[in-house]
Amino acid sequence: MKLLCLLCLLCMFVICSAQTPLTVHWPDLSQLEPDVRDQIKSQQDILISTVKDTQSTKAKLSAAYGAMGEIYHAYSLTAPARECYLNANTLDPKDFRWIYLLAKLDQLDGRVDDAIRRYRIFTSLRPELVAAFVNLGNIYLELDRLEDARSNYTTALQKDPNSPAARYGLGQVALSQRNYAEAVEHFEKALALAPDANRIHYALAMAYRGLRNEEKTKLHLAQQGPVGVRVADPLMDRLVQLVEGARVHLIRGKLALEAKRYEEAANEFRKAIEARPYSVPAHVNLGAALTQLGDLKGAAEEFSKAVAIDPNNANAHYNLAVLLANEKQHQQAIVHLQAVSTINPNDLGARFFLAQQLLYAKRPDEALKLAQSLYSTTRALQHGALVGSALAELGRCGEAAEWQRKLIARAVEERNNELEAKLKTELQRYESCRP
Amino acid sequence: MHSVLQLSAFLAIAVSILAPIYVPQTSLPNFEEVAVKTGLNFHHYNGMNGKFFLPEIMGAGAALFDYDNDGDLDVFLVQGAAFEPVSNPPAGGRLFRNDLEVGTNGSRKLRFTDVTEKSRILANRYGMGAAVGDINNDGWPDLYLTNLGSNQMYLNKGDGTFDDVTKNTATDDPRWSTAASFVDYDRDGWLDLMIVNYAEFSFTNSPNCYAPTSARDYCTPRVFRAPGNRLLHNRRDGTFEDVTVAAGVDKEFGHGLGVVTADFDDDGWIDIYVANDGDPNQLWMNQKNGTFKNEALLAGAAVNRDGKTEAGMGVDAGDFDGSGTDDIFVTHLMEETNTLFTNVGAAVFEDRTREAGLGMPGRRLTGFGTLFFDYDNDGWLDLLVVNGAVQLLPELIRKGDPFPLGQPNQLFHNTGNGRFVEIVEQAGPSFQLLEVSRGAAFGDVDNDGDTDVLVTNNNGPVRLLLNQLGSRNHWLGLRITGKSSRDMLGAQVDVVVRKNQVLRRRVRTDGSYLSANDPRVLVGLGNATQVEAVRVRWPDGSVAELKAPPIDRYTTIKQ
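Top to bottom, those sequences are chains G and Y. Under my numbering, the letters of the first sequence match residues 1 to 435, in that order. Under my numbering, the letters of the second sequence match residues 1 to 559, in that order.
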């Protein structure tokens, strides 16, 4: 804490000596990953020495503050990033980068008037960057200033006729005005330009719903997903390149995983492992991404590495068990599921899975015991059905049939038609094996 | 100030559009915080131990309910617990009796007394939320507590004490339950129970999670599997039956945090809306045969207008635009908006967040408890959102805040033209505090004809915000009860102020976040000095009308 204050005072001092009125409040770095902390500290050192250097020009000082701001911004330390950008902008008002990045922060913080003002300044300096017009359009759209939004999206489209983000924005303007036919036209074009952006399907479905076209509404709802429209944004993309450290790659990988961008996710997790080879979450998540990409062998390797590093990681055991079960390696799957049950006795899903695997592995005694315990806890019909299966597997077909009939009665009472049908099919099997 | 009236059967008449009522603003604060002053001494304990367990930042809620049937709202506050043995554990959830004194000149003295021990409520588990409903139709409201782990059903014996009947009623859910709602979904005159569950969390399987700064932080619920919800049917014999599968509500999973019930398609059968954290929300439409179908996606209420799944926390339903249909409002994470789904009829929703002016103000804060309520009694439903982050805020870390999640709460005034305006300074000093607010229970605590708000803070003190503004306008207070004096949750109330001006409200205790609200219906009348009629559609579908009810007082309407 003392060191922090000292740095803060030093920074205040050096800023004053550079005749800029703004104070940069150093963030607390004590809880950050060591790599990240080192990276930020070294940039702080550069900034301090640049400020101390009486030979530093305003342009050089501006660049140093800007670079510091970018690093903070890259790690979501937005308050000190803003202060650095403001200093950079004051020292060199014509450097468009700091105005743009300030506008991005304004937009993030909900300072809409400042964001609009800065984006306008930026577009006067660099009218070729489509992202700025799209960002302006997005702000106006959120403010329900539809004509201003339309105007900015239109400008963006004039500069880049293939901008899916601008098309999508125009579609949203039309949807807000309940001009459904126009919305459909824009969304269809946006989708053609960015077919992977499956979130567009939802907007398209809502536009078709407005036109009372039920067939197309359902068709697009069935295709909707989590991937949104992206706009090329070189200034923001640059920030992404600044990031170091396993944790941040891990976070990015998870975001990509959730957005179903599996290749990107796998790459981020690989970078995380590169930065920290013994990171269990990185191995587990890389395994998950590889599973989605169909590389099951690679996935199993990653889960195995995770288990080797941390034998108490239930997720790694469970995922490995799923892959092994898929390969019909039931005995090995059982080992990992038993580990999950030991680590997390309340994981009913894992216990159910384990009972199934015990059955497949021809270990019905154990399966029965587990299924009975599970059913007594949950009273769930599907858990009860496993008891029947285990009894039948043990050759106790009469008991199995009797048990099954009770379950069927419950399924009828609960109007669970789907399970009732399944239970009845199994009952036939049990009855036919009756001595 | 209180009268009981019987109604005659009446044919339902279509609801017409409400004309705006203008009420000038005053310069006085709208809400005054009086918790400690009135004896509500309670500090939430979240058990945090540096391991960043997700449950510690999610609770807790509260209930406003008249457990002793003396005509004023009492308070139950849900408490957390220690994750590991500690030398001085918290005392568990607390019940405070409201000893309101009303002078002959109308003056009010509000005082709460802790009666937990006397009540025999033993809520010393890791508590999350509370729901209120009379499960045995004896006229005494019962209390359901959701926990991290087994839940608790407390039967109100009517003598100031409660019995834990969880086992006998078969109303437990051993998972991490959050919100719950009492709802008579099959119109048999008995309250059923919908329980919403959040995540399959365990202490042994809680991974380390990190913020974009790379610092250790709380996990999102997505690292844990979603457990699914539970619907319990009241067997009318003191027990409940698990009908989750039979009713079809097992078909969709999500990390559930909020639940609200309303008749969204106006077919006379109550539907259920579940707000999920990071998963699509569910709109369980009542199929009138004991089953439900999730129609949220097609209805336009599952995700926001961009098709993006948001982090649903608190939720409420209400007719904010006077269209005669219940709209939905869901609170979300910072960088997302809180989202307003406008019901354009027959449970078809449009995300009109931007048009309502609610987009930008929600982006900078993480919302939890919320409700549509008419704080200034001008006839239009306003909104209050209580906030508190779920990821550590770097600016508060830098300032040395030991629990750096605090954010201010927000009051939004409905301007009557489909838009809301945030009221900042005028809302009162408590709206400037940076606290980790979670639950919010709404009700007229001092019976003066306006809605007060009980705000719970995670790892912080409870706040009671007394409304100083609403009672300056005229109002109509209704308690809608059944033959057994039970509050008829789910009853729909149309207040015909004058021709072409009908205000639609409903009887409920659910909505908001982890909290239970005043079951009475309080309707702001602005400058109107009389009401032509009140029409009630009872949960069984029958309709009744009361002509010219008295205003500026509470009236009980009995079925």
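Read the hints as simulated data drawn from the structure, not as lab findings. Wrong hints could be hidden among the right ones.
To be verified - Counterexamples of contact, computed for chain Y against chain G with all Cβ distances above 12 Å:
| no. | residue |
| --- | --- |
| 1 | Asn88 |
| 2 | Ser214 |
| 3 | Asp217 |
| 4 | Ala247 |
| 5 | Asn289 |
| 6 | Glu350 |
| 7 | Arg363 |
| 8 | Ile397 |
| 9 | Pro404 |
| 10 | Gln432 |
| 11 | Ala528 |
| 12 | Lys558 |
Claimed, not checked - Quick list of in silico lysine-lysine cross-link-like pairs, DSSO-like style, CA-CA up to 30 Å:
| no. | chain 1 | residue 1 | chain 2 | residue 2 |
| --- | --- | --- | --- | --- |
| 13 | G | Lys94 | G | Lys189 |
| 14 | Y | Lys251 | G | Lys159 |
| 15 | G | Lys424 | Y | Lys308 |
All C-beta atoms, glycine included, are put in the ideal place defined by N, C-alpha and C.
Violated hints - listed by number, lowest first: As far as the earlier hints go, 2, 3, 4, 5, 6, 7, 8, 9, 13, 14 and 15 are violated by this structure, in ascending order.
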